[in-house]
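K.L.:
Under this note's numbering, the first residue of the sequence shown is numbered 4, with each subsequent residue one higher.
Derived by calculation from the structure, the hints in this document are not laboratory data. Yeah, the Cβ is synthetic: ideal placement off N, Cα and C, and Gly gets one too. One or more hints might be untrue.
DSBU-like cross-link-like pairs, simulated, lysine-lysine; straight-line CA separation at most 35 Å [as the list claims (entries may be wrong)]:
(1) 207 x 108
(2) 247 x 81
(3) 81 x 294
(4) 81 x 207
(5) 299 x 81
(6) 108 x 247
Listed next, with one range per pair, are the computed distances between beta-carbon atoms [stated by the list, open to error]:
(7) 283 x 18: 36 to 42 Å
(8) 149 x 64: 22 to 28 Å
(9) 140 x 93: 30 to 36 Å
(10) 10 x 121: 36 to 42 Å
(11) 192 x 162: 28 to 34 Å
(12) 295 x 93: 33 to 39 Å
(13) 283 x 114: 21 to 27 Å
(14) 208 x 21: 25 to 31 Å
(15) 93 x 161: 21 to 27 Å
(16) 203 x 81: 50 to 56 Å
(17) 239 x 29: 41 to 47 Å
(18) 161 x 65: 46 to 52 Å
(19) 247 x 81: 15 to 21 Å
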Amino acid sequence: MSGLSIQELWRRTLNVRTASLYLFPSILLFIVFVFYPMFRTIYLSFYLTDQNGNAAIHVGLENYAYLLASSEFLNSMKATALFVLYTVPIGILIALFFALLANEKLRGIGFYRTMYSSTMGISVAASSVIWLFLFHPSIGVFNRVLLTIGMPQIQWLLDPQWALVSVSISTIWMNTGFSFLILLGGLQNIDQHLYESARIDGAKYFYRLRRITIPMLSPTLFFIITISLINAFQSFGQIDILTKGGPTQSTNLIVYSIYREAFINYQFGTASAQAVILFIIILIVTILQFKLGERKVHYQ
């Protein structure tokens, strides 16, 4: 019996060693690129740093107190909240509308599916350059259209009242392809027998949409909402190319504020504190999303 127990213990130990060996590359990558930067950021948030980013003077929570009293940081938080509010709900609704259209069995629908998802193949930099020309005050397409129909031209990226809206429009366009593709996949996984039974019972399209499509698509919608919220809080590339946080800080989202504070002003301590605050906000939003939103998710 003792021999068997030792053999069993050795087998289990061997399995643990084998599993650890396979997991080691992933664990190493997480340590180098996730855990170390995270703990380093938290550490630096309690210090004033030199221009090389090394901790110089320990200030405790003063960096956080400075940020919470700073009108520039509070304005950045407000701009970020508005940006999330503009982009996430509208982007998901547009992607859902396109997915419902593309899910219909029509001739040539594959072409439209390709067109709707094509934004996935364009980088943020390339997309932003395209929108930069579209929003141009003198040669941009949008102002030419407004001029043609007799409406006053808009300084899309130069007017503080329109700059955040303009960046939001470009962001919605960039993210629609990904959301559309995921939602279309979710629609195609719904059991068609449910629709056939509903049609036999005389259910109209919008009734089927409300009672079958949306409940059965709720896990996919939950995933898209969560991912879209996180991505919206982390938006950077389009801000850097289109507005650089201006005009008058109206598009200075928190990620761009972190970048400016760290790599332009060389204040790595306050930049790290902003990064920690952003991490806490995203964590709280994600937890609330799982606590409140998952209750309405219908799993098959």
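K.L.:
Work down the list of hints and note, for each, if the structure agrees.
P.N.:
Each hint tested on the structure:
Only pairs whose Cα atoms come within 35 Å are accepted, and residue 207 paired with residue 108 is accepted, the gap being roughly 17 Å. For the suggested pair residue 247 and residue 81, the alpha carbons sit about 17 Å apart, so the restraint of at most 35 Å is met. The straight-line distance between the Cα atoms of residue 81 and residue 294 is roughly 24 Å, inside the 35 Å bound, and the hint therefore holds. Distance hint between residue 81 and residue 207 is unfulfilled; the C-alpha atoms sit about 43 Å from each other, more than 35 Å.
Distance check on the hinted pair: residue 299 and residue 81 sit about 29 Å apart at the alpha-carbon level, within 35 Å; holds. For the proposed pair residue 108 and residue 247, the alpha carbon gap of about 44 Å is over 35 Å, so the pair is violated. Remark: the range hint 36 to 42 Å for residue 283 to residue 18 is upheld by a beta-carbon distance near 38 Å. Distance hint check for residue 149 and residue 64: the Cβ-Cβ separation is about 50 Å, which falls outside the suggested range of 22 to 28 Å.
The supplied range of 30 to 36 Å is broken by residue 140 and residue 93, whose beta-carbon atoms lie about 24 Å from each other. The hinted window of 36 to 42 Å between residue 10 and residue 121 is violated, with their beta carbons roughly 59 Å apart. At roughly 44 Å, the beta-carbon separation of residue 192 and residue 162 lies outside the given 28 to 34 Å, and the hint is violated. At roughly 21 Å, the beta carbons of residue 295 and residue 93 sit outside the given window of 33 to 39 Å.
In this structure the hint that residue 283 and residue 114 lie 21 to 27 Å apart at CB is violated, the actual value being about 45 Å. Range check, residue 208 to residue 21: about 54 Å between beta-carbon atoms, so the 25 to 31 Å window is missed. Between residue 93 and residue 161, the C-beta spacing of about 23 Å keeps the proposed range 21 to 27 Å intact. At about 52 Å, the beta-carbon gap between residue 203 and residue 81 stays in the expected band of 50 to 56 Å.
With their beta carbons about 26 Å apart, residue 239 and residue 29 fall outside the hinted range of 41 to 47 Å. For residue 161 paired with residue 65, a C-beta distance near 36 Å fails the hint of 46 to 52 Å. Checked against the hint of 15 to 21 Å, the C-beta distance between residue 247 and residue 81 comes to roughly 18 Å, which is consistent with it.
Hints 4, 6, 8, 9, 10, 11, 12, 13, 14, 17, 18 from the list above are not met by this structure, while the remaining hints are.
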